[in-house]
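Novice: Starting from the given sequences, assemble the full structure and let the hints guide the process.
Read off the chains here:
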Amino acid sequence: MERLDGDQEFLRELLAIFREDVRVNLEKSHGAIGIGDYEQLSRAAHTMKGMLRNLSIDAAGETAAALETAARESRAGESNELLQKLEKELEEILPEVEAQLAGVRS
Amino acid sequence: MRILVAEDDALSRTLLERTLQRAGYAVISVENGAQAIAELVKQDAPRLALLDWIMPEMDGVEVCREMRRRKEQAYTYLILLSSRESKEDIVAGLESGADDYLTKPFNVDELKARLRTGHRILELEDHLVEARESMRFQATHDLLTSLWNRGVIIELMSHEIMRSRRERSCTAVMMCDIDHFKSVNDQYGHAIGDEVLREVARRLHNSVRSYDMVGRYGGEEFLVALNKCNPGSAVARAENLREKIAGRPIQTANKPVSVTISVGLALSTEFPECTIEEIMHQADMALYAAKAAGRNCVRVARPSGIGTPTEEQPKETEVLTP
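For the protein sequence lines, the chains are A and B, in the order given.
Counting from 1, position 48 in the first sequence corresponds to residue 48 in the working numbering; the numbering is continuous, with no gaps.
To convert, take the position in the second sequence, counting from 1, and add 106; that gives the working numbering.
Honestly, the hints are just simulated from the structure, not real lab data.
Honestly, I wouldn't trust all of these hints.
[What the hints assert, rightly or not] With a cut-off of at most 20 Å between alpha-carbon atoms, the simulated SDA-like pairs for lysine to any residue come out as follows:
1) B:K210 - A:G34
2) B:K210 - A:D58
3) A:K28 - B:P162
4) A:K28 - B:E137
5) B:K210 - A:H30
6) A:K28 - B:R176
7) B:K210 - A:I57
8) B:K210 - A:L11
[Unchecked claim] With the Cβ distance kept under 7 Å, some of the chain A side facing chain B (calculated, not the full set):
9) F18
10) D21
11) H46
12) T47
13) M51
14) R53
Note that the structure is predicted; figures quoted are calculated from it, not measured.
C-beta atoms are modelled at their ideal positions from N, C-alpha and C, and glycine is treated no differently.
Specialist: Written out as structure tokens, the structure is:
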């Protein structure tokens, strides 16, 4: 978080972008996997990887990276598993994000 | 300093924007490669760019390639942003014309340090361009008057006469010589003589159109070429140049100095079979005639001999006016 320089307001701005873009990219991922569009899946995973790493959410970032690779190589089974794993990891993070965002507003 | 950020991921883009703004940059951000190109080819475009590797429309590598294909504009320092596992792509990225790359997520100090490198390269580039332009100017211009030098004015005029022959238009060649210039030097000294040369040059230059050409042919001799000149008005324009010099004294550091010029005029249409050298020789002969006629006047070279400005143009000379 050294990049944020302890700027709370800016952190919240980033988290708001994160919350929205994770939602969009998860939807894209499900849509892509449904029709076997692995290129689209790989792109969505790439975007999520970047966001997670920028926020130093490393474990989920690595899952997204693995998903990006698996999707690029069109490995269907592994892509499915990794997407589920990533979703679970994000579910654990998002309440924290929500709390941070709510904390600001009060 | 302005910088372009091309990044499709909103979070990463926002983070970069803020970091760069804090470091004192004015940031222009776009979301894909096509927009990046559109910004980078504008007049006054930023000369530093951070380009995400993977973007929709056109990726960072393609942007680099496209920018390097365009050689006409100032150098742009391009930094690619890549994820850390795509090491094998680094070579391809640099070969596309990127100057450097940075792995995401970026470290602020590293980003700043790499941008400083970019600044150094751009400064070097600016110095080189400046030196090249200055040398180009010195090689083509007369040191004292800043007019075209002898070699260049002859070459430019030759091209122009060739073109006027193709286009059936007319180039007017005028040899202008300051009368009794030696006595100016003798009387007032060479410094004043130089001032007179500069002012005559300035007046000649300011009295012609932007697409006409004025050069310093020799010591106190100037060569003026009027492009696409109406042959019927060439004499009047030569008279106008003569009048611009004789009309009012030149204010030098010491005192006003009055000088006049003699002008020898030759029209390319009157000598359709002649070489450039022969046309210049004709103008030179007319200049001698003007000197012999008492100076401060214009004489015109005609195939039949030297004439005075008031003489009718020979009717058989067919002249197409543009």
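Novice: Now tell me, hint by hint, if it's right for this structure.
Specialist: Hint check results:
At roughly 30 Å between alpha-carbon atoms, K210 (chain B) and G34 (chain A) are farther apart than 20 Å, so this suggested pair is violated. In summary, the hint linking K210 (chain B) to D58 (chain A) is supported, as the alpha carbons are separated by about 13 Å, within the 20 Å threshold. Only pairs whose Cα atoms come within 20 Å are accepted, and K28 (chain A) paired with P162 (chain B) is accepted, the gap being roughly 15 Å. Annotation: proposed proximity of K28 (chain A) to E137 (chain B) holds, straight-line Cα distance about 18 Å (limit 20 Å).
Distance check on the hinted pair: K210 (chain B) and H30 (chain A) sit about 26 Å apart at the alpha-carbon level, beyond 20 Å; violated. Our distance criterion of 20 Å between C-alpha atoms is broken by K28 (chain A) and R176 (chain B), whose separation comes to about 37 Å. Annotation: proposed proximity of K210 (chain B) to I57 (chain A) holds, straight-line Cα distance about 13 Å (limit 20 Å). For the suggested pair K210 (chain B) and L11 (chain A), the alpha carbons sit about 18 Å apart, so the restraint of at most 20 Å is met.
Hint status for F18 (chain A): holds, given a least beta-carbon distance of 6 Å to chain B, under 7 Å. Because the smallest distance between the Cβ of D21 (chain A) and any Cβ of chain B comes to about 6 Å, under 7 Å, the interface hint for this residue holds. Checking H46 (chain A) against chain B: minimum C-beta separation of about 6 Å stays under 7 Å; hint holds. Taking 7 Å as the C-beta contact cut-off toward chain B, the hint placing T47 (chain A) at the interface holds, the least distance being around 5 Å.
Because the beta carbon of M51 (chain A) sits about 5 Å from the nearest beta carbon in chain B, less than 7 Å, this interface hint is met. Interface hint at R53 (chain A): satisfied, since its Cβ lies 5 Å from the closest Cβ of chain B, which is below the 7 Å cut-off.
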